[in-house]
Amino acid sequence: MVTSRRQFIKIGALGAGSLALAGSSFNLAKGSSILDKISGAGTGEPLRTPTYCEICFWQCAGWVYKDEDGKIQKIVGNDDDQHCNGRFCPRGTGGVGQYNDEDRLKTPLIRTREGDKESFREASWDEALDYIAGKMRAIAQKHGPECVALFTHGSGGAHFGQMMKAFGSASIAAPSFAQCRGPREVGFLTTFGDIIYSPERIDIRDTRCMVLIGSHLGENMHNGQVQEMSDAIDKGATIITVDPRFSTAAGKSKYWLPIKPATDLALLLSWIHVIIENEWYDKDYVERYTVGFEQLKEHVKTFTPEWAYGITTIDPNVIRETAREMHNAAPSVIVNPGRHVTWYGDDTQRLRAVAILTALLGSWGRRGGYYKPEKLHLPNYPVPPFPEPKRNPTQAYEGKYTLANEVVANGLCDATIPTVDRSCNYKAWIVNGTNLLAAFPNQANTLKAIDALELLVVVDTMPVEITGYADVVLPECTYLERYDMLRNSNHRQPNLALRMPAAEPKYNTKPASWIAQELARKLGLSAWFPWKNIEEMLDWQLKEMGSSLEEMKRIGVKNFPREADDLYFSPGEEVVFNTTSGKIELYSSDMESAGFEPLPVYTAHEEPPEGYYRLNYGRAPMHTFSRTANNPNLTDLMDENVLWVNPKVARLWGLETGQYIKLKNQDEKISTFAIKVRVTERIRWDSVYMVHGFGHNNKKLSRAHGRGINDTEMITRVHIDPVMGGTGMRGNFVTFITDFEKEGKEAEA
Amino acid sequence: MRYAMAVDTKKCVGCSDCVVACQTENNVPIGFCRDWVVEVTDGTYPQLEVEIRSERCNHCENSPCVRCCPTGASHYAEGGVVLVTPHKCIGCGACIASCPYDARYPHPDGHVDKCTFCLHNRVEKGLDPACVSVCPTKCMYFGDLDDPNSPVSKVLKTRKFKTLIPEAGTNPQLYFLI
Amino acid sequence: MREEIIVSGRMNYLIDPQLHIWHWHIPLYLFLGGLAAGILFFAALYTILGKEKEYPTAVKLAPFLTPVLLTVGLLALLLDLNHKLYFWQLYTTIRLQSPMSWGAWTLMVVTPLSIIWCALNIKELFPAWDWKYKWIYDVDAFFRNNLLIISWVMLISALILGVYTGILFSAFNARPLWNTSILGPLFLTSGLSTGAAAIILMSKNAHERHNFARIDLMLIGIELFLIVHMFMGFLASTQVHIDAASLFLGGPYTTPFWLFVVTLGLGIPALLELLELKGFKMPAYIAPALVIFGGLMFRFIIAYAGQASRWLY
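As you go down the protein sequences, you meet chains A, B and C in turn.
In case it helps, numbering that gives the first Met the number 0 puts the first sequence at residues 0 to 748.
In case it helps, numbering that gives the first Met the number 0 puts the second sequence at residues 0 to 177.
In case it helps, numbering that gives the first Met the number 0 puts the third sequence at residues 0 to 312.
Worth flagging that the hints you see were computed from the coordinates, not collected in a lab.
Among the hints, a few may not be true.
Said to hold, decoys possible - Heads up, simulated DSS-like pairs for lysine-lysine below, C-alpha to C-alpha not over 30 Å straight-line:
(1) B:Lys137 to B:Lys124
(2) C:Lys203 to C:Lys277
(3) B:Lys161 to A:Lys234
(4) A:Lys65 to B:Lys124
Said to hold, decoys possible - Now the stretches of chain C that chain B is said to cover, found in silico as 3 or more residues with beta-carbon under 8 Å:
(5) 12-24
(6) 69-83
(7) 86-98
Using N, Cα and C, we set each Cβ at its ideal position, and we do this for glycine too.
If we strip away everything but chain A, and leave its shape as in the complex, we get:
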């Protein structure tokens, strides 16, 4: 059991007071002039206001509709939006549930200590922000402002980021890099000199062949991609899915390669081998744009399909056949780089192999492959230059992860734990919109870091686990109740999207923009927040772009013409790539000079010991990580995760569908809660699978508490990618415990 010096405080203890506050703020809202304005002032017409979704990172733009009583009824997609094409995914549609969730954080809380007992007391915003400002000032004086770190995921990051930079710290990190897509960005950056971006620059709409490697599109509901995959299926595109699990995407595929887990790199190398040996690569493209082909050819010489068969268990003929499919479709082929790719610790190398394959097929810069996205040059509201921070966040992991192109969040977490060789540690964290205890593997390590903090501020909408360890909890209102920065995304066409409140903030909650500005004011940093309110700032930005807040309120999304007609390469075009050589680097000089293999090498990974199974985890289309697990509309669809077990394994252990079991991992870590077994042929016998984001351990989350197992809790062994600091999480093995004391959902039954 992981314990923390800081007592975990259950926010549930604050029921009555919060309710009283909730009541009063509701009355306040009734008399509000803003509410009158947005509800159509008694015209009886249901009114719509624009927003972009905050339930996941895809940030689809849509409309919030209200009924005659001014109650938020539904959210639908904006037809002009390239992220969603007028169609929201289940989570976006169910976004109303986040607004209606009665378990939301309702008022600021400050940790108090009386003897041994620690508890939260309710505080006013003024009090809470004064407390934080006081602590931050003290830390700045004692250790320097750069010892404050911000962890963020989502729209709040921009506001708090501004405050942090003004304060003098550049330590701003999101778990979306080193816990998720980092390896692919670095893998492609070192090869093509550019990253993939989000939404990904892959042209699924027009592809003729898409290869998914462990990427379970359809279960991870990347809206635009799922839509385009469906279009591609309609047009008869070939889908090749490599996955030890028969995923939804595998069910839509012409080829499903049920690969032995942790061997994907061998398959990729073998594909490269087949494509080179058969001269199935795009000769003109390779000659014109790439360097290192000869080294690559030499390197993969021995990686025959027969060699790969011994490692991956994939039939050599299937390897050849699928390579030929890619060749036939080239250049309209996408070897999908995926998104969550921090698996085994050599992930950048695997994604390098994906990038190399992409280059050989000539699909980078081609229709049906990878397009070049474009975004607007949106000016920032003029503010004084930010103070130069004394230390960069990369100094937190000096000499390590040298190719990381974004801040490595777990690097900052590690640098918070005092060690003899570290001169400086982080003393304060501001955590916004990410439940780090579910986002970072190895919870014990995270808790050790939290223990060392002098200040932990958590800004969230829900009482997720990390709020229980906070010194101050700030309740943010949901995205349906606030303005945020304009969404300015990289896409086929530059575009802007507006989020505006559809309703007054419920309870005593506030938008991140207000919280950051207020905190900055208390820290004496108002110079960097010179606008009266965020509306004024947005209006200024929009007017710079020839639009206005008024116009955006009406249209929600505005698409702009591209500056250059360069979505794809034109035939024979000379292209300079942003790499050392100016070419696509099949043989990576960046990797080489940083001391890593310049060409990807397969290394065998540890296999589960007898009686243990590799723990694989993934997504469900109706949930986003752990943040939607209490949403009433979405728990209606799925209120717990289940453990996929192959029937052979189930027979061996006497497991039955519907039975609750606990898990124990290789480090003797036993899951807090139990999980329901699903006996299914869709999973390999050497692994088990569950959806990430369940097993919440805060009773105040009335629909999520004790439902299923938190996979992160079972990931105690982390394989760090030395290239960019990614936390490889798929090297954990679990076994089953059928005899245990019942609690959580099963006890209720």
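Let chain A serve as the given structure and place chains B and C on it in line with the hints.
Chains B and C only, in chain A's frame:
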């Protein structure tokens, strides 16, 4: 006029967006649903096949629920859409027991509730039902079977399809493209 | 292996994970309806046959139960309704294809008839009473003059009621276990059998008891015959019907059905009645009490098991 819906099982990913969209569009109470998603897996690893179906009331041409209703609350509306008139429904449960698809449920208000194809709130205004219009995979087709140019007519002309339990004799109007 | 699951978390109240829309109300209602139908059938039958004197319990005494039975049954039905205040909607329309409508209207005929029948007998049981109003005598005279017609109407409507208690289930082709037309005659026979048993329990007349024991024995024989045929029909039918039958042939309802309905409700009483007819001295109430118990169990088990039988998922 004959309203019908076709669901492409080759495109549906089972995301259940149709279920949430129906819930918010039609004020279906939390804990209940008018549509749902079924996943059928056949075979043995690694020879597997999966079919995913977004299901709802089949708006049967020969509806056992309409037949069994003692008060006429369950009835055929425009285009053969099977509807329930709440103030005529006594909540006896006969229609629920009579539906081979389990497509009906007792609404907390007492009457029986089910999919309406969004007839009054959307279709009559020229819109698609909420589930069809939200579907990210565009796997659902809706329209009038008597109109050869409706999306549903067109897709049924070109694709192989099936209905659920045709042997129950209900003549369902929810088609699954296979 | 085939795995067919709902992945969108459907958990509709009273529908999932398995239909359970009907609890005790409907089987009780059907049992009481069948029992009343049985009693009224015999009362009408012996009146038509002119044997009122021979079978006084059947014709005069037992029918007093029926208004009570029917009222309690209707109350159970009312309690079952989820939209109770709209109960009257049942009587705004006649829907011939709906067994529920059919039953509501049959009860609308049978219940008043049973009350009239009782009223006529009250006067006979208490001839000395002075009925204050002359119109009562007029009405009484009217019914008495048309007693034969009333008996015929009652005989037929009792049969309809008895059959209806089974048809209500068998009209649902969505539930394979119910979807057999044999349920109509089977529930009718069971209703008549419980009716006969009730008469035996109430009768003080040995001749009458013997007669009804003989009738009951015959009805039990028919019932067993129909049950065997029901299973033969299921097992020779489609997979869903085979699955339905297997609820009773190894499935969860095997013990309740074969123990309570067939053994205790049919087999043992038949044996006891046979022995009694052969002249063995038996406590007279055991056999009929078991028949009534078996009839009640039968309705419950069919109601519950039927909801467990399905086509999909």
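Is the listed coverage of the region 12-24 of chain C by chain B valid when you require three or more residues with a beta carbon under 8 Å from a beta carbon of that chain? Coverage by chain B holds here, the residue count being 7 at a Cβ distance below 8 Å.
Under a C-beta cut-off of less than 8 Å, do 3 or more residues of the region 86-98 of chain C approach chain B closely enough to confirm the stated coverage? Since 9 is at least three, the answer is holds.
Given the hint that Lys161 (chain B) pairs with Lys234 (chain A), does the C-alpha gap stay at or below 30 Å? holds (22 Å)
Take the region 69-83 of chain C, compare each residue's beta carbon with every beta carbon of chain B, and decide whether three or more fall closer than 8 Å. n = 6 at 8 Å, threshold three: holds.
When you check the alpha-carbon spacing of Lys137 (chain B) and Lys124 (chain B), does it fall within 30 Å? holds (20 Å)
Against the 30 Å threshold, does the CA-CA distance of Lys203 (chain C) and Lys277 (chain C) hold or violate the hint? The given pair, whose Cα atoms are some 19 Å apart, holds under the 30 Å limit.
Pairwise hint evaluation, Lys124 (chain B) against Lys65 (chain A), where the allowed Cα distance is 30 Å at most: holds (18 Å)
The structure meets every hint from the earlier list without exception.
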